[in-house]
Structures are given as structure tokens and as C-alpha cells.
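Enquirer: Below are the chains, spelled out letter by letter.
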Amino acid sequence: MNTTKETKHRLFSHIRFLTVNTLAVKSIRILSAIVLLSGLTYSCIDTDSMEVLDESDHYRNIADAQKSVIGLYGKVMEMSEQLVVLNELHADLMDVTTNADDDLQAISYFTSDEDNPWVDPVPFYSVIQNCNDMLAHFNDMLVNNKFTEDEYNEFYSDVMTVRCWTYFQIGTLFGRIPYLTDPITSLEELVADESTYIDLDQLIPALVDSMEALPTLDQYSEISGMSGKTLGNYSLDYYFINKRCLLAELYLWNGQYYEAAKTIRDFHLEGGTETTWKRYKTISYVYQGTFEGAYMVTYTRYLWNDINSLVNLWVNMFSLEMSETWANYENINCMTYDPSYTPTYPFIRLMGTEGTGEYLLKPSQNAIDNYWGVQIQSNGFTFDGRGEGGSYEMDEAGRPVITKYLHSFDANAPYEQAGKWFIYRAGWLNLMYAEACNRYAETGGYVDGDTLKPISDYRRLTYAFLNTSISSEFYYLKPDGVTAYPSDSISVSSWQAGVDYPYPFYFDARYSTTPYHRGYWRDHSGIRNRASLTSVTYDSTATVQPEVRFYEKAILDELALETAFEGHRWRDILRIARRWNKEQAGTGTALLNEVIGAKFAENGKTVPVFLNDESNWYLPANFQ
Amino acid sequence: MKIKNYIVLLMAIVACIHEVPAQTGTTDLTIKGIVISAQTGKPLAGARLELEGDKPVMTEENGTFSLTIRSNQAKVTRLLQVTVPGYGSKKLFITGSKTLTIEMNDESFKGMEQLIQTPFGPTSSLFSPYSMAAVNPDLSATVKSTPDGLFQGTVAGLNTVFRSGQPGSGSNMYLQGFHSLLASSQPLIIVDGVPYENYGFESLISNYQTNPLSAIDVKDIESVSVIKDGSGLYGGKGANGVILINTISATDASTKLEAHVHAGMSFVPKSVDLLNARQYRTYLGDLLMTSGLTAADIQELPYINQDKPVSDEYGRYTGNLDYYRYANNTDWQKSAYEMAYDQNYYLNIKGGDQTALYALSIGYLNQEGILSGTSYDRFNMRFNSDINISQKLNAHTNMSFSYGTRSLQNEGAASSSNLPYTALVKSPLTAAYKYDYQGNVSPNLEDEDAFGVSNVNAIADNIVLRNLNYRFLGKLAMDYTFSNKFKLDGSFSLHFNKDRERIFIPSAGIAHDTLSNAVVTNESQHRVERWFILYGDVFATYANDFGKGSKLIAHAGLRFQNTQSENDYAYSYNSSSDDFKSIGYGDLNLRKIGGSLGVQNWMSMYANADYQLMNKYLISAILAADASSRYNGLYLFPTVSGAWLISSESFMSDVEQVNLLKIRLNVGLSGNDDIGNYSNRVYYTAQSFIGNNGLVLGGIPNADIRPETLLKSSIGLDGSFMKERLQVSIDAYHHIINDMLTLSHAPAYSGFDYYYSNGGSMTNTGLDLTVSGRLLNRDVKWDLGMTVSTYRNEVTSLACGTLESDLNGAIVQTKIGQPIGVFYGYETNGVYTYQADAEAEGHYIMQGSIEKPFSGGDIRFVDQTGEGEINEEDRVIIGNPNPDLFGAFMSTISWKSFALDAKIIYSLGGDIFNYTRYILESMSGYENQSKAVLNRWQTDGQQTTMPKATWGDPMGNARFSDRWIEDGSYLRLKDLTISYAFTKLPEAIKSARLFITGENLLTFTNYMGADPEFSQNENPLYYGVDAVICPQPKALFFGLKLGL
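Protein sequence lines correspond, in order, to chains A and B. Its first residue numbered 1, the first sequence is counted upward by one per residue in my numbering. Its first residue numbered 1, the second sequence is counted upward by one per residue in my numbering.
Extracted from the complex, chain A is given alone in its bound form (with noise of 0.2 angstroms):
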């Protein structure tokens, strides 16, 4: 309620004389007056919205920016439903089933138009619009002091890894968008402007450098009341996207490997030192089959070839309360839907069989047959704990059925929709390091120049995390040339006794009783050690060549057996046949054409036509 000088300039440049022509001269001085009259009542016009907030009553202070923050995970989580669906039916590992109907089919078959509604733009962008609002009125809090520097640092990195997360995974969906980093504030915004789309190979780059820009990389502190937050039951901190999580993928995207397993490395540490060896470590450390935070596919110990005393632990990181204290070794970000609740959890409706649940999707009978299936236990099982019984299982009806979803799904209260969304978590992250050292090592040459130090080594860190452990791949020998016995052995990632690799290659894996010592990686396993299965190992006969692509296809095939159905498989596809087809035209293509074409074989379908042109592999959507 206020006549300042700026109410009334807005007041006059609006004035419309609707029918200005019809008023006669003398009519304009009465027109005048009464223009006046309202300039000073007009301001008693402005009403405060109650049933919506007005611009002009929110971003005031810290509390304010928190409900933004709070809506804003609301508006990302609805994207669950879609993200999902794009990322893994737009791929190898997931199929649709009779029931679904012909806009899911077109998704699965590659055969989608703009106007499925699948590959609706607006929720995503209704993240990123929120995005850009929030971030300007972040700014504008910061030099209007309501914001002190270390609560704008916390909420605006926050807010922009939303929004670089958003740009990312709609970028790799649909290859070429609209790059809006400002808010719409008129109506004149609208215009669609050619100038505002870019794609991919100049998004990455960009959501990089915006990554880089953050002023911090760290999670929420006490400083802006957002870390420790719980709402109901459910901790806050499983749900704000982890900035070096993002950072390390988009690095891997950029060919940034180094930084890539730096920043996985910073994650590693995140928090200062490492202060526990069981968090992101994937350990193997169980002797009863008991100890539930052990994500292993073991054997009751002594019966190691026994199949009837498989204990299935690694299904444990699905279904386990995220209130539980050991949800943290493997999580980094989940969201859980409460039933009660919106946003609804809408995978019990995708994917199950009960209740609310319609099956429209299963996993393709490639994922099982040509990825668990043909997995071998180190006890000689052709089995993957992480298939059957893991990422899906078989229903009364003998109709194979997606469970990562539903371990929240109670037969007694069929209708109660509620469950977990994966977004990152240890095995994955664990995977991409590996990634990012088999690339690196091929980068050759020398440490600091010393010979003693070539960077080829660190393909053994890729070895250690895809298969084994950091402790069975770096013994420390004993001068005596015997490997020395567990209870005393010094595991620990090094080129040789005493000469440590370089951060951000150096694992503590030691384990000795005399001097008494426990390095914070000595329960480490590797990807596959953890599911009891066989190495993959290179050698020269192998069909893929050379080793550093070998070692990154066998990377991409556990991702499928590790994280299918969880809404990475097309961007680690796609990461794959893009870098391979920069480096050698076609490879990339031959390898979509591989590993999607399985599914297409296996459903009797034409493999869809996939040309070196990036183009048209991508989903096609209507941004206007």
C-alpha cells in the first residue's frame, strides 16, 4: 500500500483508451482528471494474493527460499514416471508387455512421435523454469542482503545442479533443445527463438563449465537449515542431487577423465577425510549371510557350492528403509514416495501386478537371457544374483516381473502406492570410476616424468573395481617374493611397495595386524566380486579390441547387470557409442546397433535404423 513514483509509472504506461476516437477534445481534460484521481487510489487496488503467493511475498528471507527448494523436489520428483520410462524402455534392458498400450509400445520400439505423451518436454521444463526463478531471485536476495554469501552458495549451487541435472537428462533423451537459463517473466518470452537450442555437444560443455562455476560442491550445511532436514520420516539429504555424483558423469561425457575420477574421488572424501569404511566402499565383508549392510550375493559361509545356501544381501539396497543406518553405505540419492502423499509413486502402476499395478512393463527377455543369464558364479553357477531375484522376479504366472520397484508393495494394503526412485548410487559410481581410469590410463606417458609411474597402471584400478577388490589386485609383496598371508598383508593402490599412486588414484586398503593397522578400503569389493561372480578379464582373443575399449564394453554390460531399470541405461549406452564414434566413425553406431538391436532380435522386430547421423538417435519432441 504504498504510492511510490514507480506504482504510478506502471499505472500510466497502461492506460488504454480503449475507444479513444469517439471521445471528443473537451472529453480528454475530464479523461485527465480522472486519470489523476486513480493515480492516487490506485494503489489501494493491489490486493495481496492469498490463495497463491505474489512475487512480491516471497524470496524475502532464508524460510522462503527453503519452501522453494521443498517445492522444487516436488516438481522433480513427478519426473520420476517419465525419466524412468525414457532412459531404460527407449533401451535394451526393459520391454513392454501386452497390456501396454500403443504410446508405451512406440517408446520401446523406437517408433515415437513428438506427440507421445511420453516425451512431453513440460515437466521437465516446469523443473527448469523453477530453476531459472529461483537462481535470479537468489541473486537478487544476495545484493538486497537477505541472503548471507554462505546460505546463496549452499541454495544456489543446489538449485543449479537441478537444473544441470534436468538439462542433462533431457539433453541426452532428446539431443538438441531449447538452453533457457532466465526466467519467463512476460508473455514476450514466448517467442520461439532458434538461437536458444543447442545440442549435445554444446550442452555438455556448458552444463560443465556451470558445474565448475558452483560456488560450492558440497552438500547443504547447518548454514541454510537444509542438511539433517527430515520431513516426516524421511531424511532430506537422500533427495538433493549430489553435485560431484553430476559433475563426475558430465565429466565422463566431456572426456574429462581425470577430473572424472578426481571428482569421484572428492565424493569419495566428501565431508573432509574418509571416516568410515563401509560407506560407497561396496564391500564384501559378511560370514553368516547376516550382515545386511553387505550388498553381496553370497553363500552361507562354508557351503560356498552349495546354490541352496545363496544368501541375496544385494537386493537389501532396494528394499531397506532409507531411515535404516546402513542405507547410506550404497545410497546417495533416493527418493522415497510416501503413499500418503503426492507426487504418487508411479511405478507400482507401470510395473506391477497387483493393486493399483497394470504390468505394462517388464524386463526384455534379453536383459535375462543375455545379460543375467549367461553370468558365472565363482563357484561354477551360471547365475547373476542381481537378475532373478534381484532386478525382477518371476510371478505366479510365470510372467517375469520388474521387483526393483516394488519392495515397498504390501499385499494387505493393495492400493498404497509406495516406494523408492534411484538416482545415484555406490555400484554405479563405483562403475563410472572404473570408467573414467581405463580411459585415463590410455591417456599414457609418465607421472610427474617418472618412469617408474606410468598412467597405463591405473588400468588396474579399473580391473580392481569392475571385478575384484583393491586388496586382492595391489598385495603388497614381501621382499621374500611370498604373497603374504591375509591376517597381515598391506593392500593398498601402488605402483610398488612404498610408492603410493597419486591422488586421485590412491586407495588405503591395508590390513595388518603387526603394526596394527585398517586402511578404510580393506573391505572393498569390486562390482562383480560383490554379486560372487567371475572376472572379466582382458586378454589378446577377445572379440573387443583393444583393451581400453574391452574393458569399457564390459564396464557398459555391468551397468546393465548392476543398475538395469534404473534410469541410466540409455545414457551409458549413448555415452559409449558417442565416444566411440568420435574416435573412430561407425564403432559407436555398430555398438547401438548391437546391444539395442538384441531386444529388437529377440521380439522379432526390424532394428531401428541407426546412421553415424547423431540425429536420429534420439526421441523426438515438440518444444514449442
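These aren't lab readings, by the way, just hints derived from the structure by calculation. As the structure is a prediction and not an experimental result, all values here were calculated from the model. Positions of the beta carbon are idealized from the N, C-alpha and C atoms, including for glycine. Just so you know, not all the hints are guaranteed correct.
Partial list, computed: chain A residues near chain B (C-beta under 10 angstroms) [said to hold, decoys possible]:
| id | residue |
| --- | --- |
| 1 | K67 |
| 2 | G71 |
| 3 | Y73 |
| 4 | L83 |
| 5 | P123 |
| 6 | S126 |
| 7 | G232 |
Not close to chain A: a few residues of chain B, all C-beta gaps over 10 angstroms, as computed [stated by the list, open to error]:
| id | residue |
| --- | --- |
| 8 | T101 |
| 9 | L204 |
| 10 | Q391 |
| 11 | A432 |
| 12 | S507 |
| 13 | V528 |
| 14 | Y535 |
| 15 | S576 |
| 16 | N589 |
| 17 | V682 |
| 18 | T802 |
| 19 | T833 |
| 20 | T945 |
Here are the computed lysine-lysine pairs in the DSSO-like style, where the Cα-Cα straight-line distance is at most 27 angstroms [said to hold, decoys possible]:
| id | chain 1 | residue 1 | chain 2 | residue 2 |
| --- | --- | --- | --- | --- |
| 21 | B | K487 | A | K605 |
| 22 | B | K55 | B | K592 |
| 23 | B | K592 | A | K229 |
| 24 | B | K32 | B | K548 |
| 25 | B | K487 | B | K548 |
| 26 | B | K55 | B | K723 |
Take the given structure of chain A and dock chain B to it, following the hints.
Expert: The following block gives chain B in isolation, referenced to the frame of chain A:
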């Protein structure tokens, strides 16, 4: 510019006629004449004749009179007013000298002059250049529970359609066509100078809308005027026209008491001819055969199997244990409708003294509905006063309070708790009460049946759907007269409305829909809606009489309105018992609450001037300047109007048969500000995040959002002929609606699907005709009136592109070049008599990637595109819900103490989508069907128009097509009243009148639905979509009115 042209034209006309005749002669003139009674022809003595500006004279014993006109006034047109006690008064335009025979009629006679209420007080219709209609109802025998009934048909151009036959449901009113697509289309209602919000608020009860007019007792109404032209005085709120309602006031200090009592009954409507149990079982058997079940499977179904349960020697039962449950022949419509009774008591007292006058009324209404379990109770009170504080200062107060309780039933499209719908579709095999294995009936209500349909009796008896309405209006007005030229008026009012709704749907006998996260056993819902409106209006009046029939009246004022609204609702499910009906007993996890708050400020500065020249030329102008919190800036709404009283011209003075001839021209702009409270701003709405609310952007701000505008040009003619025994009024109008609110498609990168913009425009062109006259004027008096209205509506631009709306299965299309909301569907051409016909034609539909051909007994859809496939491309316009003509006939015949009043309303040429028939003839599921399906196609070669029955209707035979579009023309005897006024009365009683009224006694229509008169929603798109709405019952009332 069109406006400019009109103005120039008007100026030219005024200039042409403005030549003042030169003065001739200097002798004074005399006008002589006689005043007689029109009925008897006898001269009337003591009649008072007042020539404008002169002293009055009285008639002699023989009725003669003589008036002297000074020579300088000889050529001036002057107004002569004649007043005779018991005969009312009369006005004549006099030019020059002549001999006059003035016929006086009784007070009930409606002559050429009517008193019309304007926002500034009453005015004579003779000197208004605007099209305005006065409804001066004879309320002595009205039984209407809401005032809408008064307007229906009586005002040409005002299309008043009752929403439903549920008690007190009110009507939707459209004045001169449709004016908006998304904003309100309802006229602004002003009660005693205070705007009433007349939006149809969302209710929890399906198809119900709060009717703000129902808070007014019809008998409290003193006058109503409908402003068609000149509504620009209300600026951005006037585009839909304005209805002014004034309530009771005392005219003099003597104490008068008026009592009114009536009682009535409404009759059960004619039931729909449905299949009986035997026919239904045969039909169901046929239908199920097409569902893939084998004959043996079907025979096992509990409602087909005829094996009665039999007990063996150990008391164990074998056979079909559900036999008695499904061995009935129930007419469910009997449970849904019942005879209803009404009663109404009303008393008003008027009186006062020299300084203060008051009018007080109190009323009670109890109205039952013909749908079982429905009723309307209302208690209303009103107190109006006029206080003379000093000679110059007056105060007026208005206070009214009304409390209404409604028990309602859900109507409209299918839902499990919809009484009229369920009564139609529920299988006749089922029973209302439980049976045991021996066929003994129990007093307990039967549960949901095997078809998933609720028990009609459970809905009728046990569902609670209650609406409580409180409305309070308080107004204080003061006026101060500075001189006979200047006056200042000011008023301030407070208006409060609260709607409280309570719903309980028990588990027993009712089928419930499932929630996304639970199975529902019972539901309770609550809603409270509050409106709080502060309104102020201050205006100054300047009036000057220049003599010789020239006058100027001008007003300038300012209005301010602050509206605060609140809407809170809660849904709760699964309380542990049907006896726990309160919202608090439901399952905590399933509870949903929500609500909204809204604020609007509106300010309007307005001015008008009416100039009258020489009793011949009238010119008037209005300018309103509006500002509102809903939009930025100030908007101007000008109106210019002119009229020429041809009958006042000297060359008309000898044309005896023409008493009045007036031509009116009007060009004006008004607005509609129902554009949403916040569309012009950046705002944030709540976003749920694991049970907490954060804030996210609420929409794309449209800073340019502005009120819709209606530019109206109209030309009118008012005439009075044959000694005022015939009145004719014609209005032709053309509306250009610009800046019509639309939802425009937003680019996806904005993060929104749509935004609000002023992206549409349309036109309305129409004609209103009113004719009334006194046919007989002796012992028997017969007044007959007629209104005829027609309009054409056309969308001229639409930023959002062609709109298709799915309303209860009807697809209505809004497209440039068409009226809004026409029916858009498939054209049909009978049924394929032979399989060979279908094969020869080769039409098919696509199911996924499979072609499915039509076969014998399927509907033969017209393949408009000629490509063989019947798909959405083959749709065409199959009907237009807008009537070609609508209006009413009104007749009053009186003889001695008897009077017979009748009102016949009609609507011709509008199409209706008959949803009820669509459900009852679609032959695709368990729903009971009408007898028409007995004629369904069953064998190759069968000649019929009814297709075959197929489970689930895979070929879409029942899709939205011209099969369901019917001509909705009707003519209805709406009201018929016979009354008798007692002449011999005891001294204490001043008057007494006994009456019998019949409502809806006769309806002529070819429409096959329950009632061709209905209006599901105020949004024009719903016009003509009839989805199971309670018909308006035939009713009979007996009443008595006493004056004390």
C-alpha cells in the same frame, strides 16, 4: 471505426430534427376534451390534468376540461399527465390545440409508460434511450421459491433456463446470447444497489450450483429491471447485462400487514419405459454371448441360473444360493421419485411515521423434491427503512438474512451414488431388501449387486448430501440534497455469504469407486465457502429542467468493492462405521484437505448524462473507468445512446392511433472481469513434497491480461398504438466480444501447457421482440403478451485454436466461424441390415494395428473422408444447441373477482444431446436399457434402426453420433393460476385472495428425454448437454393472501 460512424449518424439525425419551428400568431390556444373510462365509456369527474409547467386543472362533473396554452408555447410538445383515483395515471404528448378524448384504464393496465428502476432510482420508460425491461410482477399469487422464475420468458432476450427440478435449484440466465467462453456468462445482479456475486460455485454435490438468488424471497421483490443497453455503467462487470432488484419499502406511514401462505404438491414424473426382468434377462443373455462366455458359463451366473435353492435333510442348501437375490422384477424408478409437498408462510409489515418508514418481512419455506430424500428449507428476514433525518438529509437501511438448508441428490453423468442415474441403470432382477434361501425378505437393505451397482433405496434413504447457505446483506445509504439541482448519495454495504456442505456416503448398499491408494468403504466430505464483500458507492446528481420539455440529469460517482473469498474442503474415507459420519472419523492416511483464498479489489469511476430536448430528442452518455487487482491499468467503458420520440413531433399529433413511437440507437462498451484473480502476476502455488508444501511457479504471468470487452450496437423501436392497447418493442443488436479469455497453448519450454490470454473474439447478433396488448377491455379483461428472441453467435477468432470439449460423452466443438459449443460427432445412416451390406461397404475401425470391419447389425457410420476407415476425421457438426427462437406467451384474463393467469414458455430449434438415451440404448454392459432395445438387430436381414448388442461395444456403435442428438424444441405451460379476490370482507381484513397455481402442467415436445428444459452448467459449452437431470415436476399449489 464503426463507433465513429454510429456517432456521426446520430449527430446527423439530431441535427436534422433540431429545427425549432418558427413562432406564428400571438393568440392563446385552448385545448378542450373529455376524460372517460375505457371500460364503460362513462365520463370521469375530478380527473386531474397537469400540463407540464402549468397549474393542474380538474374535470367537470361531465368529465370535460379545458386547458389554456400561451401562444409562445403553441408549437412546443408538452407532456400532459392525467391522474384519476382508481384509474391510475396516463401521459400524453400534446402539440398545438385540439380536442381530446382521454380514455382511462384500470390500474392493472399496462400502457406505454412504465416505471423502470435504474441504478439512480426509478425513471420513466418514455424518456430513456436505452433498452431496459421492467419486470413488475404481480406477486399476489406467486409460488416461486426463487426469483429466477419471474424473469423466465417475460424479458425478451433473457434466456432463463432452470438447472434442474431439484428444489430451489435456480436457473442459468443468458442475456442476448453467450458472451464468454471461460469467464462468467451470467448477468450482474444488483440487489438494492449492491452487486451480488452470481458465479456458479463448485459444489461437492454433483451438478449442484449455489444459486445466490435463492436467498431472496420472491414476495420481497418490489421491482425488477433488466438492463440490456447501458450496462457499461458497471464498467468491467457489466458485459453480461445487469438485473436490478429492489425489495420492499413502505410508501406511506399507515401500517399495513400482508400475509401469504401456500401449500402444494409436486408429482412424480412419468417414468422411462425400461426393460422388465424377463426382457432384461434375455437381453443380458444375448449380450453376454458376445463377451466370450459360453452358454454354460452364462447359465452358471447367479442372475441367470434359475435353480432355486433347495434344502436337503441336513438343512444344507444346494442350487443357486443367490436365486432370490436376482429373481425379482423391481421398478427402481419408483424408489427414486416420490410425491413431494411444499409449504410457504410469509408476512410483511410496512408502516412508520413522518420521520421514518419501515418494511419488515419474514418468511419460511419448506419444499420437498420429487427425488427421494431431497428438500429445501429456507428462513428469510428482511428489514428496510427510510429515515428523514432532516429535510435535506435522508438515510436508508437494508438488512436481510437468509438461511437455507438443502438436502440434495447427485445428478448428472454416471456415478455410483447418483440417484436418478442408478434408478435407470440398475438391473430389474435385483431387490432392495435381502432375501434368505427360502425367499423370505428381510428388513435389511441389499448390498451393491453383482453388476457393481448401488442399491437405489440405500442412496435414496441413507446418503447425506446437504448444503447450508447463510447470506447476510447490510447496507446503509445516505443522501443529501443541496438544492433542487444538486444531490449527493452515498452507500456502504457488507455482504456475507457462507455455503457449508456436508456429504456422507455410507458403505451399506453403495458401490464406491476406489482411490489410488485404498478401497473405499464409506466417504464423508465437507466444504465451506465464504464470501465477504465490502462495497461502497458514492455519487453526485445534477439535475436541471430548462423548461419546454428540456432536461439534463447527470451523475458522477465512484464504486469500490473488496471481495474476499475462502473455500475449504476435506475428504475423508473409511470411518469404522456408517454411524460415524463426521469428517474426523475417517482413516487418517486417506484424509485429503484443501482450499483456497481469493481477494479482489475493484474500483470504478463512472459518470453519465441524460439530456432530453423538447420532449422529442433524447441523448445519453456513460463513461466508466475501471481499475482492478485482476488486471493492470485503467480501462474505459464509454456508451452513447440517442432516441427520437417521433410521436412527439407535431406532424404526428393528428395520427390518433399512434400513441408512442420511439427509435433508439445505442453504442456502448462494457467489460467482463471474471478473468481469474491472479492471471496478471508472477505468483507461486503450493507443491507437495512428501507431505510438506513448498512453493513453485503457478503460471505464466500475463501482465496484459485485461477484461473481456463487449461492444454493443443496437437499434430499437418502442411503439404504443390504439389508445395504448397495443405495445410493441423491438431491439436489434450486434455484439462484438473482444479480448475473450482463452487458454492459449504455451511452448513446452515454458514449463506450462497453457496460459490465460485475451485470445478470442466472437459476435452475437440478435433480435428481441415484445408485444403486449389488451384484447378485451370490458367486463372481461384480457391482456396478452408475447416475447420472441433470437440470436446468432459466431466465434471470430480463437488464439488457442479449435477447441473440443468432452462433456459427459458429448463432444462440443468451438471453432472460428461457428457458434461456440456445437455438437461434433459422427453422422450415421441406419444399421447394416445384412452382413453382406457391411462387407460390400467395407468400413472398418483400427484397433492398434488391426483392422476391424463393421458387420451386420452395426451402425452404418458415414465415412466423410471416403478412406474406408471410420475415425475421428469423419466427425462433422451434428447439432447446434442454440435455440432458433425462444420466449413466452403471457396471458391474464380477469372477470369480476376472478383472474386467470398463464405463462407459456417456448424454445424452438435447439438440439440436445440425450445422455440418458445414450446410456439406455448403448447395449454394451450390465446397465438396464429402455424398451427401445427390444427392437435390436438380431438376425441377418432384420430391418431396424437399433444396432445389435455387443459386450463392451468394440465397434463404437454407441459413440457420440447423431443418434443421440434430438430436437429440443418445446412449448410448456409453465404457470397457470386461477385466483379469486374476496369482496365481502370483515372489517379487520382489507383484502383476501385465494389462488390455485399449476406449474409445468403441459409440455409439448418431441424430445425423448425427461425434460427439455434444463441447464447443467452456466458455462455455455454445456448448453444442450442433458445428463440425467431431475425433471421439473408438475406441481399444484393452493394459496391465500391476506392484507390487513
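Enquirer: Now tell me, hint by hint, if it's right for this structure.
Expert: Hint by hint, here is what the structure shows:
Because the closest C-beta pair between K67 (chain A) and chain B is about 5 angstroms apart, less than 10 angstroms, the hint holds. Here the hint on G71 (chain A) is kept, as its CB sits about 3 angstroms from the closest CB of chain B, short of 10 angstroms. Residue-level restraint check for Y73 (chain A) holds (minimum Cβ-Cβ distance to chain B is 5 angstroms; threshold 10 angstroms). Hint status for L83 (chain A) relative to chain B: violated, with the closest Cβ pair at about 16 angstroms, above 10 angstroms.
Below 10 angstroms, beta-carbon pairs count as interface contacts, and P123 (chain A) has one with chain B at about 8 angstroms; its hint therefore holds. A hinted interface residue such as S126 (chain A) counts as satisfied when its beta carbon comes closer than 10 angstroms to some beta carbon of chain B; here the least separation is about 4 angstroms, so the hint holds. The criterion of a C-beta within 10 angstroms of any C-beta in chain B is met by G232 (chain A), whose closest approach is roughly 5 angstroms, and the hint holds. Listed as outside the interface, T101 (chain B) is consistent with that label: its C-beta sits roughly 46 angstroms from the nearest C-beta of chain A, beyond the 10 angstroms cut-off.
No beta-carbon of chain A is positioned within 10 angstroms of the beta-carbon of L204 (chain B); the least distance is around 19 angstroms. With a cut of 10 angstroms on Cβ distances, Q391 (chain B) stays outside the contact zone with chain A, its closest approach being about 32 angstroms. Listed as outside the interface, A432 (chain B) is consistent with that label: its C-beta sits roughly 30 angstroms from the nearest C-beta of chain A, beyond the 10 angstroms cut-off. No Cβ of chain A comes within 10 angstroms of the Cβ of S507 (chain B); the nearest lies about 16 angstroms off, and the non-interface call holds.
No Cβ of chain A comes within 10 angstroms of the Cβ of V528 (chain B); the nearest lies about 15 angstroms off, and the non-interface call holds. The beta carbon of Y535 (chain B) sits about 14 angstroms from the closest Cβ of chain A, which is more than 10 angstroms, so the claim that it is off the interface holds. S576 (chain B), annotated as away from the interface, keeps every beta carbon of chain A farther than 10 angstroms; the closest lies near 17 angstroms. With 10 angstroms as the threshold on Cβ separation, the claim that N589 (chain B) sits away from chain A is violated: the shortest Cβ distance comes to roughly 5 angstroms.
With a cut of 10 angstroms on Cβ distances, V682 (chain B) falls inside the contact zone with chain A, its closest approach being about 4 angstroms. With a least beta-carbon separation of about 16 angstroms from chain A, T802 (chain B) lies farther than 10 angstroms from that chain, consistent with its non-interface assignment. For T833 (chain B), the shortest C-beta to C-beta distance to chain A comes to about 34 angstroms, beyond the 10 angstroms cut-off, and the non-interface label holds. At the 10 angstroms boundary, the C-beta of T945 (chain B) stays outside the reach of chain A, the nearest C-beta of that chain being 34 angstroms off.
Distance restraint check for K487 (chain B) and K605 (chain A): the Cα-Cα separation of roughly 88 angstroms exceeds the 27 angstroms cut-off, and the hinted pair is therefore not satisfied. For the suggested pair K55 (chain B) and K592 (chain B), the alpha carbons sit about 75 angstroms apart, so the restraint of at most 27 angstroms is broken. Annotation: proposed proximity of K592 (chain B) to K229 (chain A) holds, straight-line Cα distance about 25 angstroms (limit 27 angstroms). Our distance criterion of 27 angstroms between C-alpha atoms is met by K32 (chain B) and K548 (chain B), whose separation comes to about 21 angstroms.
Using a Cα cut-off of 27 angstroms, the hinted pair K487 (chain B) and K548 (chain B) holds, with the two alpha carbons roughly 23 angstroms apart. Distance hint between K55 (chain B) and K723 (chain B) is fulfilled; the C-alpha atoms sit about 25 angstroms from each other, no more than 27 angstroms.
The structure shown violates the earlier hints numbered 4, 16, 17, 21, 22.
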